[in-house]
Amino acid sequence: MRSFESQKKLVELHLNHNKISAITNKTFDGLRKLTVLSLRGNFLEDLPDKLFNALPLLEELDLGQNRINRIDSTAFSGLTALRVLYLDDNQLRVVPTPCFPLLASLAELHVGLNAFTILSDDSFKGLNRLTILNLSGAGLVNISDNAFRSLNALRNLVLTDNRLTKVPTKQLSTLNRLEELAIGQNDFSTLPVDGFKGLVNLRKLDITGASSLEKVEKGALSENLNLETLVLSSNKKLVELEDGTLGGLPNLRHLVLRDNAFVTFQESLVAWPELRKLDVSENPLFCSCKLLWLRELLIRRNGSQVLCAQPPTLKDKSLKVLTPDELGCALSGQWTAAVIGGVSGAAVAFGLLVVLVVRYRRRFQDAFKDYKWNKRAMARKEQEYQKTFTDEDVPNFIIPQGTMRPIPVTEL
Numbered sequence: 001m002r003s004f005e006s007q008k009k010l011v012e013l014h015l016n017h018n019k020i021s022a023i024t025n026k027t028f029d030g031l032r033k034l035t036v037l038s039l040r041g042n043f044l045e046d047l048p049d050k051l052f053n054a055l056p057l058l059e060e061l062d063l064g065q066n067r068i069n070r071i072d073s074t075a076f077s078g079l080t081a082l083r084v085l086y087l088d089d090n091q092l093r094v095v096p097t098p099c100f101p102l103l104a105s106l107a108e109l110h111v112g113l114n115a116f117t118i119l120s121d122d123s124f125k126g127l128n129r130l131t132i133l134n135l136s137g138a139g140l141v142n143i144s145d146n147a148f149r150s151l152n153a154l155r156n157l158v159l160t161d162n163r164l165t166k167v168p169t170k171q172l173s174t175l176n177r178l179e180e181l182a183i184g185q186n187d188f189s190t191l192p193v194d195g196f197k198g199l200v201n202l203r204k205l206d207i208t209g210a211s212s213l214e215k216v217e218k219g220a221l222s223e224n225l226n227l228e229t230l231v232l233s234s235n236k237k238l239v240e241l242e243d244g245t246l247g248g249l250p251n252l253r254h255l256v257l258r259d260n261a262f263v264t265f266q267e268s269l270v271a272w273p274e275l276r277k278l279d280v281s282e283n284p285l286f287c288s289c290k291l292l293w294l295r296e297l298l299i300r301r302n303g304s305q306v307l308c309a310q311p312p313t314l315k316d317k318s319l320k321v322l323t324p325d326e327l328g329c330a331l332s333g334q335w336t337a338a339v340i341g342g343v344s345g346a347a348v349a350f351g352l353l354v355v356l357v358v359r360y361r362r363r364f365q366d367a368f369k370d371y372k373w374n375k376r377a378m379a380r381k382e383q384e385y386q387k388t389f390t391d392e393d394v395p396n397f398i399i400p401q402g403t404m405r406p407i408p409v410t411e412l
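Residue numbering for the sequence shown follows full-length UniProt numbering, beginning at 1 and increasing consecutively.
Each statement offered as a hint is correct.
Capping the alpha-carbon separation at 25 Å, the derived lysine-lysine pairs in DSS-like fashion look like this:
| # | residue 1 | residue 2 |
| --- | --- | --- |
| 1 | 197 | 125 |
| 2 | 277 | 236 |
| 3 | 218 | 170 |
| 4 | 215 | 197 |
| 5 | 50 | 19 |
| 6 | 290 | 317 |
| 7 | 290 | 315 |
Source of the hints: derived by calculation from the structure; they are not laboratory data.
Please put together the full structure from these sequences, using the hints given.
Take a look at the structure:
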């Protein structure tokens, strides 16, 4: 059947949702100038050999939302100009690796929403120019160490909505030119130290909807110094970002921590004032004086609406409108001024004392010397006054008995 044989100038052809169940290598005869072909949402199950051989200028082919379960190794023969291929939402059980060497110019490949389970080594061999790979919802449980080995030009990788229980650190490390990675909606509970090792050019990391994620360890992003955008959103068990986790990211400008389980944020977590975009809304925050700095930051930058969840007296109140007193800050207003004044006064008095000591140091030293000399002199005099007499010093007044005469008594 050659329905388009006379359409020699046709550039785009959209046959979406037409219940088409079969096509042959003659179906598109005559469409020599066609650059875009969409067969999305039909009932195709099989792609036979040399199916698109009559379309030498085709650049984009959309075969998504069909029932394709088999692709002949030569099905894409002749598509030397093809740059975008959609095979998502089909019934493929393995990646159609044998087809890829015929697609040397392919830049985008969308193969999500299939049932691969495993990515074997060199699954994308031959796609040396591929820059975008979408594997969202592909049913992946395991990724072989060398699955991405030939993707030297890859810039954007989507691994969302799979069943990965660990961050595939080793598998990703070969993608040293990767700039964007989306890996949410998986089953890992922790982002470990050096979790994204080797991704030195990563600029955007999106982890949204990871229902088991509880913790991001310090050093998880230690090698991703070019990171500009970090999205950690809708991770309902994520309660902790270890202190220093986001430190050392000099290029971070967009931070989304929306709809997680955070009850507070540390001021030392990141250089908050340097962010161009900040969203910390929809977290169950416990509003206290510890978040006074965040209140002031949100006021200054007119940031996202952040509501308190606790304590009960502040539930559903906007953090931005709360006063320091309402946040339970002990030192506020006049009390803070009084404390600051007292500390300042003590500092001034101490400074004056130091100046006086330095200035009159010589006088103090001379006076102290005179005092010590006088004290020693007084001590010597006291010793002289207190000197005791010995037996040798006492004079002998013994009178000899022979010389004593009785005194005569005269009677009257």
